[in-house]
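Q: As a plain string of letters, each chain reads:
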Amino acid sequence: MSRRFALTSVAILSLACLGTLISVAAATPQKATTKKPAPPASKSTPASAAAQTSVTVNGVADIDPAKAFGSKNAPVVMEIFSDFQCPACRQLFTTTTQRVMDNYVNNNKIYIVHRDFPLPMHAYSRVAASYARAAAHIGKGDAVVQALFQNQEKWEMSGDVKGTVAAVLTPAEMKKVQTLVEGKTLEPLIDKDKQLGMAVPVNQTPTSIIHTRDGQSYPVVGYVSYDVLKTLLDQLTK
Amino acid sequence: MMQSAPFNYRRIVIWIGRLVLAFIFIYAGLAKMIRWDMHPRPPLGIARSLFALQIDSYQMLPPWASIQVARWLPWAEIALGLLLLLGWRLKIWSTLVTLIVGGFFFAVLRAYLLHLDINCGCFAKPEPLNGLTVLRDGALFLLAIIMTVFAFQEARRPHAWAVPAPERPS
Chain A
692 MSRRFALTSV AILSLACLGT LISVAAATPQ KATTKKPAPP ASKSTPASAA
742 AQTSVTVNGV ADIDPAKAFG SKNAPVVMEI FSDFQCPACR QLFTTTTQRV
792 MDNYVNNNKI YIVHRDFPLP MHAYSRVAAS YARAAAHIGK GDAVVQALFQ
842 NQEKWEMSGD VKGTVAAVLT PAEMKKVQTL VEGKTLEPLI DKDKQLGMAV
892 PVNQTPTSII HTRDGQSYPV VGYVSYDVLK TLLDQLTK
Chain U
17 MMQSAPFNYR RIVIWIGRLV LAFIFIYAGL AKMIRWDMHP RPPLGIARSL
67 FALQIDSYQM LPPWASIQVA RWLPWAEIAL GLLLLLGWRL KIWSTLVTLI
117 VGGFFFAVLR AYLLHLDINC GCFAKPEPLN GLTVLRDGAL FLLAIIMTVF
167 AFQEARRPHA WAVPAPERPS
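Taken in order, these protein sequences are the chains called A and U.
One point on numbering: in the numbering used here, the residue at position 38 of the first sequence is 729, and numbering is uninterrupted.
One point on numbering: in the numbering used here, the residue at position 79 of the second sequence is 95, and numbering is uninterrupted.
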């Protein structure tokens, strides 16, 4: 009897392991980040004039208006902490966030705030965040963020963040962006976002925090599909 | 037919399995609906949506299935936990519990091997999925298998305290 039990247990466990291996093999694994020597860390300057323009919406403070979209009177504020080099952040941005923008932000139901949370394990995410922030401050944030996420695999291999950004801007715009990046005037804003994320605490990217008008906050961790997120957003924006 | 002793080691393992798994299932089901970790506690609909998001983050099921699983799984966990405690039709319910725990173990192990940076969602509260989560679910799966196999073995033997079956006239 005990032999039969042992055989049954081994068979069930083997089947479970086999199923798991097949599933893992069938799923598309997230690409491992190619480790490259990190660019020199940027020194943050004291809070500049740009940092003083931050706003507070629905109790959510330190919002950089250049990185936020929608009506400030929206019933829900959605903060998204993301890293330009993280594959799940790319997936969230290119699928879910775009549809949230179309269906909720453009209808004044949600005020969306993009927070930079560059992870130290990613060599170029801080540089990408600096370029995206600078582009947002000259009104070209959307194009640059899209270019960075859509070409993530290319620039994380080559490290050519600047070239990726330059491809979607005119030479004059690129010059302005480059001046802002080299001047490091916007670095305190990225540092502030990072501090806010660590206070949440954000343990992984992407992490979205959904704030309602009554002060309740709902964290949503990792990539989530739009259809499932919609069930929550519909209840909160009623 | 051999009689089963009232307190043999198989019965003790079955009891331990029933109590442990019943407590875990009832607690997990309630935690997903009540969300003790949140202040103020969200309404049931929002708690359900938050759980659906946790299921969705595993990237195993289509959105509609994540929504349906989030709707029914907490109730099923509570019901199965209570049925395990009652011990009624143990073979059926322990098999079902084993399949569900096996499903959890499979999902957690897959997410771990794929390096998905997500929360486990096991007890609703934010709990990053790591090696310990996989070990815990693996241990529970093993316990469920042993309990189920023993339940089937014990069912073949009449209990020592059971009323003897009436003798058939020859």
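What the hints contain is simulated information worked out from the structure, not anything from laboratory work.
Model, not experiment: these values are computed from the prediction.
Idealized CB from N, CA, C, for every residue including glycine.
Watch out, some of these pointers could steer you wrong.
[As the list claims (entries may be wrong)] BS3-like, lysine-lysine: derived pairs with alpha carbons at most 30 Å apart:
no., chain 1, residue 1, chain 2, residue 2
1, A, Lys763, A, Lys867
2, A, Lys845, A, Lys866
3, A, Lys883, A, Lys800
4, A, Lys845, A, Lys867
5, A, Lys885, A, Lys800
6, A, Lys883, U, Lys107
7, A, Lys800, U, Lys141
8, A, Lys929, U, Lys107
9, A, Lys853, A, Lys875
10, A, Lys763, A, Lys800
11, A, Lys885, A, Lys867
12, A, Lys883, A, Lys866
13, A, Lys800, A, Lys845
14, A, Lys921, U, Lys107
15, A, Lys885, U, Lys107
[What the hints assert, rightly or not] If we take Cβ atoms under 8 Å as the criterion, some of the chain U residues that face chain A in the derived model are:
no., residue
16, Leu60
17, Ser65
18, Asp72
19, Pro79
20, Asn135
21, Pro142
22, Pro144
23, Gly147
24, Leu148
25, Val150
26, Leu151
[As the list claims (entries may be wrong)] Per label pair, the in silico range of CB-to-CB distance:
no., chain 1, residue 1, chain 2, residue 2, range
27, A, Glu873, U, Pro144, 55 to 61 Å
28, A, Gly830, U, Gly119, 45 to 51 Å
29, U, Ala92, A, Ser849, 23 to 29 Å
30, A, Gly874, U, Trp88, 52 to 58 Å
Q: Would you pick out the hints that fail for this structure and give their numbers low to high?
A: Of the numbered hints, 6, 8, 13, 14, 15, 16, 23, 24, 25, 26, 27, 29 do not hold.
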